Amino acid sequence: MPADSLFRQLPTDAGLLSIEFDGQTLQVPAGVSLAAALLASGVRRSRSTPVNGSPRAPYCMMGVCFECLVEVDGVPNCQACLLPVAPGLRVRSQHGARSLSPASALEEHHDDA
Amino acid sequence: MQKTEIMVIGGGLAGMAVAYGLARLGRQVSVLDEGDTALRAARSNFGLLWVQGKGYGMPAYARWTLQSVALWPQLARLLLDDTGIEVHLRQPGGFQLCLSDAEMAEESRRLCWLKDALDGDYPFELLDPAALRKRLPGVGPQVVGACYSPLDGHVNPLKLLRALHAACQTRGVTLLNGRRVSGIAQRGEGFEIASGDQRWHSERLVLAAGLGNRELGALLGQPVPVQPSRGQILVTERLEPFLHYPTSTVRQTDEGTVQLGDSAESVGFDDGTSSAVMADIAGRAVRCFPRLANVRLVRAWGALRVLSPDGAPIYQALPGAPGASLLSCHSGVTLAAAHALRLAPWIAGEQALPEISPFDLQRFTTPAEVRHAS
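Chains A and B, in that order, give the protein sequences.
Residue numbering for the first sequence follows UniProt numbering, beginning at 1 and increasing consecutively.
Residue numbering for the second sequence follows UniProt numbering, beginning at 1 and increasing consecutively.
Derived from the structure by calculation, the hints contain no laboratory data.
Because the structure is a prediction, the values reported are computed rather than measured.
A hint or two may mislead.
[What the hints assert, rightly or not] Counterexamples of contact, computed for chain B against chain A with all Cβ distances above 10 Å:
#1 R24
#2 E86
#3 A194
#4 S195
#5 P241
#6 F242
#7 G256
#8 S308
[Stated by the list, open to error] Among chain A residues calculated to face chain B with C-beta under 7 Å, some are:
#9 P50
#10 N77
#11 L83
#12 A97
#13 R98
#14 S99
#15 L100
C-beta: ideal position from N, C-alpha, C; glycine also.
Model the full assembly from the supplied sequences, consistent with the hints where possible.
Structure below.
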């Protein structure tokens with residue numbers, strides 16, 4: 001859950017917009033990455049690792065470390081540092097490895113194709 | 001000058017497995033490793049313990065492979081005891097998925113040949129699509145069948161390399177990193193090895209430097225006929241476990257990522273990637289497992305296999321350099337157990353190993369008919 005932010009937002013004319021993180025509405029600066037927006041909002045835990053379940057938050061901010069994985073609008077394992085914020089994004093913490101759709105549904109889809 | 005009983009050149013899977021085996025025998029071992037500019041096949045391989053199809057045309061290679069996978073549980077236990085590192089060995093059997101009747105026929109033909117050559121001691125099953133889908137749910141409709149060998153398996157190859165390094169250090173092996181060997185000279189009863197200004201003297205020498213064995217062999221006047229064969233590998237994001245068996249082209253690792261691979265190109269020493277080959281690999285993986293279609297890829301790389309003219313390993317006590325042994329192989333993961341627990345005692349001079357005589361260098365220069373007749 002968001003707490004006091006460890007970061008201070010520089011003055012900007014870009015204004016604020018609303019996103020949702022784990023069901024809570026956040027007012028975040030426009031024109032920044034989703035990872036920056038989460039950190040600016042005081043989010044300190046945005047995923048748990050698939051390997052040992054330990055908590056993580058955005059780290060490298062440049063697409064390399066994969067610590068900032070979140071689910072965005074239903075799509076799992078999105079790198080938040082590579083996505084610009086947009087009004088109404090529905091973001092959820094990424095817990096562990098993503099699941100796959102049941103094979104049968106996809107196979108049927110392929111059979112139809 | 002520093003002295004060591006046995007110097008191993010090459011800190012990859014081949015060199016470290018042998019160094020570990022020698023250290024377990026109480027030998028004093030040092031390992032010279034080139035460094036991060038080396039080609040480093042051990043850091044880029046697929047992690048299969050693969051039996052099926054190997055040794056087609058050369059039954060000795062099939063038997064040697066069988067011996068190694070049978071020894072693998074012992075190696076994994078020894079490494080765990082020495083280091084606490086679990087290398088995630090799993091030997092549930094493996095599948096070769098076929099996407100055309102021609103592929104299925106060719107794979108079947110090779111496996112039948114091997115079964116005959118090994119007097120029937122070579123288990124495998126040929127599965128039609130219905131039987132396959134029961135064993136491997138999620139296989140796509142374009143898969144026409146599969147070969148299953150109960151002897152195949154896989155391991156985390158990076159954890160294996162780390163475990164071998166840690167185990168060697170625990171057992172007193174001296175690891176010398178960042179040393180590219182620039183000279184080898186025979187001196188009395190041993191060898192003087194140079195890297196830049198530094199010199200080491202060893203009684204015995206093991207050349208286990210992958211494709212680097214070409215240059216090392218040349219320093220001792222011994223041509224080593226190994227060539228690079230590039231494989232490209234793609235890695236997906238981490239997924240919940242869905243694939244509980246290795247296949248020859250797709251395997252899910254212990255930490256959830258899925259590796260896709262098994263391309264082969266002759267492009268010299270270029271270990272890069274190409275979009276056409278990556279697209280082929282990804283396309284085949286999706287035809288095998290359609291649910292991979294919407295999965296992200298997070299990494300890709302190219303790596304160079306170390307291939308002899310017949311694809312089998314080379315084990316040779318160098319005739320012109322007594323005390324020097326040559327070890328070149330492609331399957332450093334599959335053969336790690338045989339290298340540590342069988343080849344090392346042979347290199348140490350403690351054990352005869354008649355089953356490796358077919359892997360000598362002479363086979364590349366002697367006409368095949370003569371060899372088979374002898």
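Now the hints, each set against the structure:
1. R24: holds, 30 Å
2. E86: holds, 13 Å
3. A194: holds, 39 Å
4. S195: holds, 33 Å
5. P241: violated, 8 Å
6. F242: violated, 5 Å
7. G256: At about 4 Å from chain A, B:G256 fails to clear the 10 Å cut-off, so the statement is violated.
8. S308: holds, 37 Å
9. P50: Interface hint status for A:P50: holds (5 Å vs cutoff 7 Å).
10. N77: holds, 5 Å
11. L83: Interface hint status for A:L83: violated (13 Å vs cutoff 7 Å).
12. A97: Holds, about 4 Å.
13. R98: Because about 6 Å separates A:R98 from the closest Cβ in chain B, which is inside the 7 Å limit, the hint holds.
14. S99: holds, 5 Å
15. L100: holds, 5 Å
In the structure shown, a violation is registered for the earlier hints numbered 5, 6, 7 and 11, in ascending order.
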